[in-house]
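Asks: Residue strings, one per chain:
2 protein chains.
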Amino acid sequence: MRAELIIIGDELLIGQVLDTNSSWICTQLNEIGVQVKQISTITDDADEIIHALTLATSRAEVILMTGGLGPTKDDVTKLALSKYFHSELVLDEKVLTHVKGIFEKFNRPMLPENIKQAEVLKVSEVLFNKAGTAPGMWIKQGKSHIAIMPGVPSEMQYLMKHEVLPRIKALPGRKELIQSHILTAGIGESFLAAKIAHIEDRLPSYIKLAYLPAPVQVRLRLSAVGDNHRLLKAELDSFTQEIKDELKEHCINTNEQTLEETLLDEMRNLNLKLALAESCTGGYVSHLITEIPGSSRVFLGSIVSYDNTVKINSLGVKQQTLNDFGAVSEQTAIEMAEGVKQNIGSDYSIAITGIAGPDGGSIEKPVGTVWVAIAGVKKTYTFKYLFQNSRNGTIIRASKNALYQLIQLVREENK
Amino acid sequence: MRAELIIIGDELLIGQVLDTNSSWICTQLNEIGVQVKQISTITDDADEIIHALTLATSRAEVILMTGGLGPTKDDVTKLALSKYFHSELVLDEKVLTHVKGIFEKFNRPMLPENIKQAEVLKVSEVLFNKAGTAPGMWIKQGKSHIAIMPGVPSEMQYLMKHEVLPRIKALPGRKELIQSHILTAGIGESFLAAKIAHIEDRLPSYIKLAYLPAPVQVRLRLSAVGDNHRLLKAELDSFTQEIKDELKEHCINTNEQTLEETLLDEMRNLNLKLALAESCTGGYVSHLITEIPGSSRVFLGSIVSYDNTVKINSLGVKQQTLNDFGAVSEQTAIEMAEGVKQNIGSDYSIAITGIAGPDGGSIEKPVGTVWVAIAGVKKTYTFKYLFQNSRNGTIIRASKNALYQLIQLVREENK
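Chains as they are written, first to last, in our numbering: chain A, 572 to 986; chain B, 572 to 986.
Here chain A stands alone, though its shape is the one from the complex:
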């Protein structure tokens, strides 16, 4: 069953608003085994809407349309739909009562454009919108089913959950899809591919493997389509386990968490505390960790020691070490990691010192040179990197690599 989305909104095409609706809808459809094959993002223009609908209905069985509804936009979209579906607009009494009720509740006068919101295509089944004033519509045309929803995320999500997804689930001919995920880190995409090529080659035609790379990590996704769910699941689990065994320490998780989430979960379960000393990453690792709800149960704090005086005064790095080896050195990284661990009183710590650029490099220490030290309960380990990226790329890669190395050490020392 092929699905497509049509997303209407000028604000998306000038880059003013990031489209988060598409991603949300795709996730929901994916979970019930419906594959989205295309998203067409178009302007608030009648001809564009009709053109997009004409193409989408020629290709897909399920078409979800969002946006272009609401008091200031109604005219264009609804008239385009009326023309495309050869159906007049009629006032829906139930919707009108609902809209009136909302205006009364907030004690606001109703304008003519608010009454128009209760107009729906005569040919449609009305999708009653308890989360707002713009109703959704469900239309069958030829082999296609079309859902029309407002673009406000909370209203769209309400209609999807209560009206649209149940209708899609009930459509005949829908194939079940199941998936498994493996997050890998510390191994490049091509090496990863080479390492598991012998497993990939044995995958049956109904199981697909996808590589989803991001800095320092690659997410693997196995997707299986078929009728016997139980058999399929067993087969998928077996391949997932085989890949996991092959990748050993490079396998971070199979539960769709991020690197940071896995680290925090494992440290929390072991009742371990974390502190950070960040120089070139300037607080980015701290930010990645504190974005996660509940991180305060593991994370105590960080010293962002950009200036050398902070390395000395707040971390206890020796002036002599800075003189002899420089701020970007293995020795300084070690003193930073051990200093922050002791000063803040954590079980584990990360220290990162490097040259993010674009200036500050030298022949011995070019831009992109980064030293990471990971202090564990028993020992401190160091890692040297040379990144060839933008300033921001170096910050991200240094941070993600440090998190990866800390996961390794926590697992090693607590197995």
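Keep in mind that the hints were calculated from the coordinates and are not lab data. You may find that some hints are simply not true.
Copies of the same chain are indistinguishable here, so a pair counts whether it falls within one copy or spans any two.
Think about it this way: if two alpha-carbon atoms lie no more than 30 Å apart in a straight line, the pair counts; the simulated DSSO-like pairs of lysine-lysine are [claimed, not checked]: (1) LYS936 x LYS671; (2) LYS665 x LYS701; (3) LYS766 x LYS671; (4) LYS654 x LYS779; (5) LYS676 x LYS936; (6) LYS608 x LYS654; (7) LYS746 x LYS819.
Since the model is a prediction, treat every value here as computed from it, not as a measurement.
Starting from the known structure of chain A, arrange chain B on it as the hints suggest.
Replies: Only chain B this time, still in chain A's reference frame:
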């Protein structure tokens, strides 16, 4: 001139990855007066790629394609392109040398799929990619110009800036557009609009005003289209100045810098140093500042005091203050700001303490409560906020508001 984007990536259509490339590209094209009329997001499938290209070239003069390149994906996309453009794939020696250089530098063996990355369409002009291994391509077909880029954001952005945008700017038939920008902060979009309505009403038809809102800030953009550049520029400058005068302290800059960049520039020019004490923002302000090249000339360091022991030991907050008023209080914020200023030895400091949620709120201090203290040379000022957002929304809004308040104080104390 009509532009369209074709975004290739299964990961986007299952909702696993949020597409931020489209929004970025739309913003860039918008800035040079090119209107994006459609974004087609499609799967990594040869037929879909050919279908999307056929439709897009029938409608648009400029087509930007991203994704589907890279060692494990090359085959499908490049073969589809080869078929669509009736052009064989040839090894580009310059690209091959570049790819080889990267592998040599990192002392890693090259696999056959890495060599394949240097293959380009014979009919294309190669867009040399210094930010990665996958080259871009530029192809002219009929009335359409097609740019093909990898989907990795840093690589796509590099190619856009250095290769694609300059080529689009040079295309014939593009109308010249001149723009001016005003960054405003600390005033909501509707209040801002009301405040400058009398100026907006007087704008001639060939000058458009756009509001580009983001958390805590609204960017205003005046765009003028016409032939007499000098006259147009004078008129644009005059309206820009009028808006600036009307907005007073809410006007941050007119040079397209971010809030952070303006703060750093002004502090650097005054030879002032900055330190931060972050609790609920967890290092995000430090990250915003250290992302900027040269920030080390102003920024000394931060203490991320997530745990109360860090507030006491590293910032000098009194145990009594925490007992009497709690960690999220005006008094604690003041002691954090003054403590970090003294310990790190800066001229100015920011302290932020709050409840980012989703847990940890109470009736007196609900989730979203944030205290900000700004310590200046002469005095410390405090600000209380109550944000009604997600955890991440609160982190971003608290950080941006603190930066806005520090800009105000630095300007006030140094005028």
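Asks: All hints are to be evaluated individually against the structure, with a verdict given for each.
Replies: Results of checking the hints against the structure:
no. : hint            : in the structure
1   : LYS936 x LYS671 : between (58 Å within a copy, 22 Å between copies)
2   : LYS665 x LYS701 : within (12 Å within a copy, 60 Å between copies)
3   : LYS766 x LYS671 : between (58 Å within a copy, 21 Å between copies)
4   : LYS654 x LYS779 : between (41 Å within a copy, 24 Å between copies)
5   : LYS676 x LYS936 : between (54 Å within a copy, 14 Å between copies)
6   : LYS608 x LYS654 : both (26 Å within a copy, 21 Å between copies)
7   : LYS746 x LYS819 : neither (33 Å within a copy, 57 Å between copies)
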